[in-house]
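Here is how the chains run, residue by residue.
2 protein chains.
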Amino acid sequence: MVDLLLKAAFAVPMTGADDVIEDAAVTVRDGRIEFVGRACDLPDTSAASTVDLGHHILMPGLVNAHGHAAMTLLRGLADDADLQSWLREHIWPIEGQFVDASFVRTGTQLAMAEMLRTGTTLFSDMYFFPEETADAAIAAGMRCQIAFPVADFAGRWAASASECLSRGLDLFDRYRDEALVQVAFGPHAVYTVDDAHLKKILTYANELDAPIHIHIQENAAEIDECLKARGERPIATLKRLGLLGPNLQTVHATILNDQDIQDLAEAGASVVHCPHSNLKLGSGIARINDLKAAGVNVAIGTDGAASNNALDMFAETRQANLLSRSGAEGGSSMSAFDTLHMATLGGARALGLEEFTGSLEAGKWADIIAVDTAVPGMTPMFDPISQLVHSTAGRFVTDVWIAGRRCLRAGQLTTLHPGKLREEALHWQALIKGADSH
Amino acid sequence: MVDLLLKAAFAVPMTGADDVIEDAAVTVRDGRIEFVGRACDLPDTSAASTVDLGHHILMPGLVNAHGHAAMTLLRGLADDADLQSWLREHIWPIEGQFVDASFVRTGTQLAMAEMLRTGTTLFSDMYFFPEETADAAIAAGMRCQIAFPVADFAGRWAASASECLSRGLDLFDRYRDEALVQVAFGPHAVYTVDDAHLKKILTYANELDAPIHIHIQENAAEIDECLKARGERPIATLKRLGLLGPNLQTVHATILNDQDIQDLAEAGASVVHCPHSNLKLGSGIARINDLKAAGVNVAIGTDGAASNNALDMFAETRQANLLSRSGAEGGSSMSAFDTLHMATLGGARALGLEEFTGSLEAGKWADIIAVDTAVPGMTPMFDPISQLVHSTAGRFVTDVWIAGRRCLRAGQLTTLHPGKLREEALHWQALIKGADSH
Numbered sequence: 005m006v007d008l009l010l011k012a013a014f015a016v017p018m019t020g021a022d023d024v025i026e027d028a029a030v031t032v033r034d035g036r037i038e039f040v041g042r043a044c045d046l047p048d049t050s051a052a053s054t055v056d057l058g059h060h061i062l063m064p065g066l067v068n069a070h071g072h073a074a075m076t077l078l079r080g081l082a083d084d085a086d087l088q089s090w091l092r093e094h095i096w097p098i099e100g101q102f103v104d105a106s107f108v109r110t111g112t113q114l115a116m117a118e119m120l121r122t123g124t125t126l127f128s129d130m131y132f133f134p135e136e137t138a139d140a141a142i143a144a145g146m147r148c149q150i151a152f153p154v155a156d157f158a159g160r161w162a163a164s165a166s167e168c169l170s171r172g173l174d175l176f177d178r179y180r181d182e183a184l185v186q187v188a189f190g191p192h193a194v195y196t197v198d199d200a201h202l203k204k205i206l207t208y209a210n211e212l213d214a215p216i217h218i219h220i221q222e223n224a225a226e227i228d229e230c231l232k233a234r235g236e237r238p239i240a241t242l243k244r245l246g247l248l249g250p251n252l253q254t255v256h257a258t259i260l261n262d263q264d265i266q267d268l269a270e271a272g273a274s275v276v277h278c279p280h281s282n283l284k285l286g287s288g289i290a291r292i293n294d295l296k297a298a299g300v301n302v303a304i305g306t307d308g309a310a311s312n313n314a315l316d317m318f319a320e321t322r323q324a325n326l327l328s329r330s331g332a333e334g335g336s337s338m339s340a341f342d343t344l345h346m347a348t349l350g351g352a353r354a355l356g357l358e359e360f361t362g363s364l365e366a367g368k369w370a371d372i373i374a375v376d377t378a379v380p381g382m383t384p385m386f387d388p389i390s391q392l393v394h395s396t397a398g399r400f401v402t403d404v405w406i407a408g409r410r411c412l413r414a415g416q417l418t419t420l421h422p423g424k425l426r427e428e429a430l431h432w433q434a435l436i437k438g439a440d441s442h
Numbered sequence: 005m006v007d008l009l010l011k012a013a014f015a016v017p018m019t020g021a022d023d024v025i026e027d028a029a030v031t032v033r034d035g036r037i038e039f040v041g042r043a044c045d046l047p048d049t050s051a052a053s054t055v056d057l058g059h060h061i062l063m064p065g066l067v068n069a070h071g072h073a074a075m076t077l078l079r080g081l082a083d084d085a086d087l088q089s090w091l092r093e094h095i096w097p098i099e100g101q102f103v104d105a106s107f108v109r110t111g112t113q114l115a116m117a118e119m120l121r122t123g124t125t126l127f128s129d130m131y132f133f134p135e136e137t138a139d140a141a142i143a144a145g146m147r148c149q150i151a152f153p154v155a156d157f158a159g160r161w162a163a164s165a166s167e168c169l170s171r172g173l174d175l176f177d178r179y180r181d182e183a184l185v186q187v188a189f190g191p192h193a194v195y196t197v198d199d200a201h202l203k204k205i206l207t208y209a210n211e212l213d214a215p216i217h218i219h220i221q222e223n224a225a226e227i228d229e230c231l232k233a234r235g236e237r238p239i240a241t242l243k244r245l246g247l248l249g250p251n252l253q254t255v256h257a258t259i260l261n262d263q264d265i266q267d268l269a270e271a272g273a274s275v276v277h278c279p280h281s282n283l284k285l286g287s288g289i290a291r292i293n294d295l296k297a298a299g300v301n302v303a304i305g306t307d308g309a310a311s312n313n314a315l316d317m318f319a320e321t322r323q324a325n326l327l328s329r330s331g332a333e334g335g336s337s338m339s340a341f342d343t344l345h346m347a348t349l350g351g352a353r354a355l356g357l358e359e360f361t362g363s364l365e366a367g368k369w370a371d372i373i374a375v376d377t378a379v380p381g382m383t384p385m386f387d388p389i390s391q392l393v394h395s396t397a398g399r400f401v402t403d404v405w406i407a408g409r410r411c412l413r414a415g416q417l418t419t420l421h422p423g424k425l426r427e428e429a430l431h432w433q434a435l436i437k438g439a440d441s442h
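Going down the list, the sequences are from chains A and B.
For the first sequence, our numbering begins at 5 and goes up steadily by one.
For the second sequence, our numbering begins at 5 and goes up steadily by one.
One or more hints might be untrue.
Unchecked claim - Restricting the straight-line Cα-Cα distance to at most 30 Å, the calculated cross-link-like pairs of lysine-lysine (DSSO-like) are:
no., chain 1, residue 1, chain 2, residue 2
1, A, Lys11, B, Lys243
2, B, Lys11, A, Lys437
3, A, Lys204, A, Lys243
4, B, Lys203, B, Lys243
5, A, Lys424, B, Lys11
6, A, Lys204, A, Lys232
No wet-lab data here; the hints were simulated from the structure.
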C-alpha cells in the first residue's frame with residue numbers, strides 16, 4: 005500500500021524534452037516517489053489517500069536557487085532608487101535598525117507563503133539569523149538550503165567574518181539529521197570577504213563536503229573595484245584561491261567575459277541566474293546562452309523580494325526564456341524545456357541535490373506541484389512544457405507536496421497562516437515606514 | 005442618489021505621481037465617475053449599491069493598446085519556432101484553414117476572460133472579422149477599439165485591400181452609436197499595404213476623424229525590406245505619405261534610429277510598446293526611454309497570445325519598467341508611475357480617448373478596477389504605485405467595472421462563461437492540433 009496516489013491529465017517529469025505523460029499517475033511512499041507513469045500502467049496498489057486532480061499538470065516543484073527570504077519584509081522599499089542609494093540610503097540602514105530573529109522568522113514565512121503558492125518547493129537562502137529561516141522552513145514543511153552569510157563587516161547576526169564562521173559551523177551540527185535543510189557557506193561577495201577568510205571557508209567546505217554560495221560579478225562596478233583592489237576580476241580571485249569547483253554556486257554572474265565563462269565551465273561551477281533582479285537593479289542581462297553553450301550548469305533564482313519584487317519562479321523562468329531571445333545574451337536562445345530544466349533539475353544540481361529532487365522519478369523525494377490547465381490563461385494548450393514557461397503558470401498552481409506532505413491544497417496554504425502573517429508584516433511595515441525617511 | 009459607491013483602503017487615480025488617496029471613495033452615476041476622493045470628503049449622497057472592498061487599491065482599468073484577441077486560440081502554437089517559421093509554417097497556414105466568424109468570437113471571448121481577470125478594461129484589436137470582436141466585446145461589457153485589417157493579400161475576411169476597406173468602412177456606421185466600440189483603420193504594415201491604399205486610408209481617416217493603427221519597424225528585416233522596395237525606412241514612408249500624425253498609433257517600433265524618433269515626436273504620433281512579444285519573437289528591445297525623452301506618447305500592448313503568451317497587462321507593464329533599466333533602451337529609466345501611466349493614460353491618449361478613460365476623474369467613464377493588497381505577494385506595501393508595477397499585480401485583481409457595470413466580481417466573471425469557453429476552445433485546439441503537422 006502506498007501513502008498517496010496522485011492522478012492528473014498530464015505529468016511533466018522533466019526527464020526529457022519530449023516526456024509528457026498523459027493520464028498520469030504518481031505514487032508516494034515514505035515521502036519518496038515510487039511510481040511515475042500512465043495511470044493504466046500503475047501496478048495494482050491501494051493508496052491510503054488518493055487525489056484526482058483532473059485537468060492539471062503534475063511536475064517537480066521549482067527550485068529557487070537564490071534569495072533572501074526575510075527581505076520580503078522590505079518588498080518595494082525605494083523601488084525607484086538606483087542600486088547605490090537603494091542599498092546605502094534605504095536597505096542597509098533599515099536592516100541595521102530592525103533585523104533580528106523575529107524579523108527573519110516573519111519575513112521567511114511571508115516569502116514561503118508566496119513561494120508555495122507559485123510552485124517552489126526548495127529555496128536557497130542567504131541572510132542573517134539563518135537558523136530562524138531553517139526553523140521556519142521546517143515548521144512549514146519546505147525544503148531549503150541555508151547559505152549562512154560571511155562578511156567582514158559587523159552585522160546584527162555576527163560582528164565579524166570570524167564570528168559568522170563560528171556561528172555558521174554550529175549549524176552543520178544543528179541540522180545534521182534534518183532532511184529538509186542543507187547548510188552551505190555563504191561568503192557574501194569577493195568585495196566583502198578577504199582572501200584569508202575565503203581560504204578558510206574553502207578548507208571547511210572541503211572537510212564538510214558542503215557547498216559554497218557567493219554573489220559574483222553582479223555588476224560592472226564590482227569588477228572595477230576588484231581590479232583596483234586585487235588586480236584581477238572576482239572570478240579570477242575565486243580561481244586563484246581554489247574556490248572555483250563543482251561545489252560552488254556563483255550568483256548573478258551578470259557581467260562575464262569569455263575567460264570568466266571558460267573558467268566557470270572548466271571548474272564545473274554552477275551559475276544562479278536572477279534575471280528580474282539584474283534588470284531591476286540596472287545590472288544588465290547575463291550571458292546565459294553563452295554559459296549554456298560552454299556547458300555550465302545554470303539555475304534560476306528570484307533574489308530577494310526587495311529587488312524583484314515577486315517570488316514567483318514561473319515568472320522568473322519565463323523571463324529567463326525571453327531574455328535568452330533578446331539578442332543581449334549571445335549564442336542561440338533556449339528552448340522552453342531547457343529553461344524549465346534550469347528551474348528544476350538545474351537548480352537541484354547547483355545545490356548538489358539532483359539525486360534527490362528536481363524531477364519526477366522513482367526514488368526521488370516527493371516534491372511535486374500541480375498546475376491547473378482548466379483556466380482561460382492556460383487554454384488552449386498545444387505543448388504543456390512551453391505553456392508552463394510562457395503563460396506565467398505560477399498563477400495557476402493549486403497544490404504542492406514536499407516529501408509527500410501537502411503544503412498547498414486547492415490554493416490554500418496548510419502550514420502557514422496568511423492572516424496572521426499579514427498582521428505581523430503590517431507591524432514591521434509601520435516600523436520601517438517610520439524609519440525610512442527618504 | 006448615485007448608482008454605485010465604491011470604498012477601498014487606497015485609490016491610485018493616475019492623476020499625478022504622488023496622488024495616492026487613502027480611505028478612498030469613488031461614486032458612479034450613469035456609467036460615469038462623479039466623485040473620487042477621501043471617503044470623509046464624500047458629499048452626503050445615498051447610493052443604490054455600495055461595495056466596500058477593504059484592503060484594496062482602486063485604479064483606472066488598464067488599456068491594452070495592441071492585440072489580436074482571437075489569436076488566443078493559437079496560444080502556445082510553436083513557441084520555440086523562430087519568427088519566420090512560426091509565421092510561415094504554423095500561424096499563417098492555420099489561420100488560412102480555420103479563421104472564421106465563430107473562431108474570432110470564441111477567441112475574443114477567451115481573450116477577454118483573461119484580460120478582465122487581470123484588470124484590462126479597454127483593448128485595441130486588429131484581426132479578421134472585426135465585427136465579431138466588437139459584438140463579443142459589447143456582449144461582455146468590455147470597451148474596445150477595432151482596427152479593421154487592411155492588407156494587399158487575400159484573407160478569409162476579405163479578398164483584397166479594397167475589399168478590406170469597403171467592409172471596414174461599413175463598421176463606422178454599424179457602431180456609430182455604440183459607446184463601447186471605436187472603429188479605427190488597421191493597415192497591417194508598410195510591407196503588406198501599397199502606397200495607393202495607404203493614401204486612401206489617410207483620406208478616409210481624415211474625413212471620419214478616425215485613428216490609424218499600424219505595425220511598424222517591428223524588426224530589422226522589415227526595415228531592410230522597405231529600404232530595398234522603397235528606398236526608405238517604413239517610418240519615412242508614413243511621413244512621406246502624410247500618415248504620421250496625432251491620429252497614428254504605431255505598434256512595436258522596436259528598431260528605431262534617431263531620425264525615426266524625431267519624426268514620431270514632431271508628428272505627435274503614439275507608439276504602442278509590446279515588450280514581451282518583441283522579446284519572444286526575437287525582435288529586440290525598443291528604445292522607449294529615448295522615445296519618452298523626445299516627448300513621444302507611449303502606450304503598452306500585449307500583442308496576441310500567440311506571441312506573448314499571456315494577456316496580463318500588469319505583467320507587460322512590469323516588463324516595460326524592467327527593460328527600461330536594462331541598458332538596452334538608452335536614456336534614463338522610467339519611474340514606476342511613468343510606466344503605469346503608459347498602461348493607463350498613455351493608452352487612452354494613443355487611442356484618442358484620454359478625455360473619457362485612463363484615470364479616475366469626475367466626468368470620465370467609470371472604468372475601474374480593484375486590486376487586493378491583503379495577500380502575501382502584496383505585503384508589505386510601502387508605495388502603492390510601485391507595488392502595482394513591480395509585484396505582478398494582475399494576479400490580485402478581484403473586481404472590474406466598465407462604464408459602471410461590474411464585469412468581474414470577487415474574481416468571478418459576470419458576463420462570460422469560462423466553462424463553456426473552455427469547451428469551445430478545446431474543440432478548436434483539437435482541430436488545430438490535427439492540422440499543425442510540425
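30 Å Cα cutoff - pair lysine 424 of chain A, lysine 11 of chain B: Distance of about 24 Å is within 30 Å: holds.
Measure nothing beyond the straight line between the CA atoms of lysine 204 of chain A and lysine 232 of chain A; if it is 30 Å or shorter, mark the hint as holding. With Cα atoms ~23 Å apart, lysine 204 of chain A and lysine 232 of chain A stay inside 30 Å; holds.
Starting from lysine 11 of chain B, check that the Cα of lysine 437 of chain A is at most 30 Å away, please. Since the Cα atoms of lysine 11 of chain B and lysine 437 of chain A sit roughly 24 Å apart, the hinted pair holds (cutoff 30 Å).
For lysine 204 of chain A and lysine 243 of chain A, compute the direct alpha-carbon distance and say whether it is at most 30 Å. 15 Å, holds
Is lysine 11 of chain A within 30 Å of lysine 243 of chain B, Cα to Cα? 60 Å, violated
Holds or violated: lysine 203 of chain B to lysine 243 of chain B, with C-alpha atoms at most 30 Å apart: Holds, at about 11 Å.
Comparing the model with each earlier hint shows a violation of hint 1 alone; every other hint is respected.
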